[in-house]
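These protein sequence lines are chains A and B, in that order.
Under my numbering, the first residue of the first sequence is numbered 1, with each subsequent residue one higher.
Under my numbering, the first residue of the second sequence is numbered 1, with each subsequent residue one higher.
Careful: at least some of the hints might be erroneous.
[What the hints assert, rightly or not] Some residues of chain B that are not near chain A, with every Cβ distance over 12 angstroms (derived):
| # | residue |
| --- | --- |
| 1 | F39 |
| 2 | V138 |
| 3 | I139 |
| 4 | A178 |
| 5 | T214 |
| 6 | A240 |
| 7 | V276 |
| 8 | L282 |
[Claimed, not checked] Estimated spans, in silico, between C-beta atoms of each pair:
| # | chain 1 | residue 1 | chain 2 | residue 2 | range |
| --- | --- | --- | --- | --- | --- |
| 9 | B | G60 | A | I24 | 32 to 40 angstroms |
| 10 | A | I24 | B | G126 | 56 to 64 angstroms |
| 11 | B | T59 | A | H78 | 55 to 63 angstroms |
| 12 | A | I102 | B | L156 | 40 to 48 angstroms |
| 13 | A | R160 | B | Y213 | 51 to 59 angstroms |
| 14 | B | V7 | A | V271 | 43 to 51 angstroms |
| 15 | A | L177 | B | S262 | 40 to 48 angstroms |
| 16 | A | E202 | B | V7 | 53 to 61 angstroms |
| 17 | A | V267 | B | G60 | 51 to 59 angstroms |
| 18 | B | L134 | A | T131 | 47 to 55 angstroms |
Hints in this document: simulated from the structure, not taken from any laboratory.
For each residue, glycine too, the CB sits at the ideal point set by N, CA and C.
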Amino acid sequence: MRRPASTWLVLLLLMPALALPSIIESTYYMSIAVTAAAFCVLSVCLNLIYGYVGLLSLCQVAFWGLGAYATAILTAHHDVSIGLALIASGIVAVLASILVGIASFRVSRHSFAIASLVFALLLQHLAYDWTSLTRGAMGIPGLPVPELAIPLVGRVAFGRAHDFFYLMCAWAIVTILFVRMIILSRVGRALVAIRENTSLAESHGLNVFRYKLIAFAISSFFTGVAGGLFCLFISIADPSVFDFYYTEAMLVMVILGGAGTFWPVIVASIVFTFAPEFLRIGEELRLVLYGALLVAAMLAMPEGFAGFVKMRRRKRQRTEFSEALAGKS
Amino acid sequence: MTPEVFVEVLINGIAIGSVYALFALGLALIFGVLEFVNFAHGEFYMIGAMLISAIMIGTGVNYWLALPVVVMASLVAGVVLYDVFWRRLRQGDYEKSILITIGIALILQNGALYVWGPTPRLLETGFTTSVIVLGDLVIPVARIVAMSISFTVLLLVYLGLNKTRGGLALRGVAQNRAAATMVGIQLHKISRVAVGVGIGLCGLSGGVLALIYTIFPTMGYILAFKAFAIVIIGGLGSLAGAIIVGFTLGIVESFVTLYMSSGSMNMLVFGAMIAVLLFRPLGLFGRQLRL
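Just chain A, same shape as in the assembly (with noise of 0.2 angstroms):
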């Protein structure tokens, strides 16, 4: 197993991504850079659940609508501080997260994807029907910019998507931390163990129900704040938050990447974000495209590019031992 110190080095590796906003300059693509940072946190979190529990949540982005909706309704109706309503989007994603295991992690795998699935569904019929709380369609706009009082810098306001990168990055670190040290602890070890044979691990005596409850709720809380930062960058609130197409993106992002592999994962985030908008895709194509990857995927390569990767080494490994084992005779 790799040691946690690779998790530094891979961050160093990554820190030239910091001086992004200073090379450059068009606000189009650095509001992409900030998606992309968004979708790390948003594949970290699914891979999390998915790749290293084995249990496929569809309601990820039921997490991340709530958390923006939370942060929205907080700071735009109730004058709450802007870090307080975020921290409180992740504890109402995870009082969610909470309801939906507790309903339907008992049941087979199956009834967990359609229980999730279901979930976001709802929350996108709420977001467009409970009009008192979320004005529908319409949305919550007009959000206030995060401030942040930083030592030596003084105030900032992250209002422009140069500021913002900065912000979404953090949070990215933040996670891609936390996950990495739960997956590397006693817990990620018990997680595998569930994913890998279930009876098993209960058999040795893990408490399977609730390492599932905890990885789940891990997962949701970091996704929710993710949607409250997400909703505050962005300035608005509404509805096509809870869209399908996060879901299928995240999909897409920790099913190409390869699911239970860490790195990939988060490579093939920042590729899937900014691929599409290179090759100047329309809203529509893309899903159509996203759709075609994922099941072109599916039955080509299950294990992701990472897997693939590793199946063809295996496989010459193979040959190069039997073509020397030929050798000798």
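Model the placement of chain B on the given structure of chain A, informed by the hints.
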């Protein structure tokens, strides 16, 4: 509520419930035989509705000619999909199956959005706005038509499953795959039929509900939400459960929406699903023991 209103609402509920039953039956049929959930089910329903409207506008044929064409097209689509994608899936490949069907759903939905645009359309059939007046009762013809088609097809499916050898084999596979294979039932053949019929039912329910509702590319979503809840409440893979819960939901919805918004109705459906998962995890009509 006057007796006339009661009867009208009841008929409306039965009409919609019968289509829910058809739709959920297809979902349960596919799950029963292949043991995976078709997440693209709602999209095939949408394609059915879109297709019937496109055919009727494009060629000017009437509803009764267009409907069989749509059903046949869905049936063929189901068979092709089975042979191209689903045939290779093994038992226990559930994540793979879910993700493949989600991929297909996204291609269909966004493809439809791209081809037909987001504007809702109405099916013009000649009897769309006509009503039957019986004393104080006013019954829209479209609902009667929808109801009669659904009941006929439900009856046909029932007879097919219970009175033919193929139906017997299909039920055998749904009950116990291994035993069914052992007595010489050809798994692939049966699965192909089940998927064909399941998707065919989907296209049919799209064609039928198009009589009652407006048609737009994201309509599959809304029905899929209910259909998934229906099969969970009824018990995954339980055909009778899908039909009973489908009818019940249609009727309850028809009455409840008199007093509540559709949003609250969705909350109610979700609440019922969570309650069933908590207290009867295998569903109201599910097999109580799964091997």
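For a quick check of understanding: which of the numbered hints are violated here, in increasing order?
Checked against the structure, the hints that fail are numbers 1, 7, 8, 9, 13, 14, 18, while the rest are satisfied.
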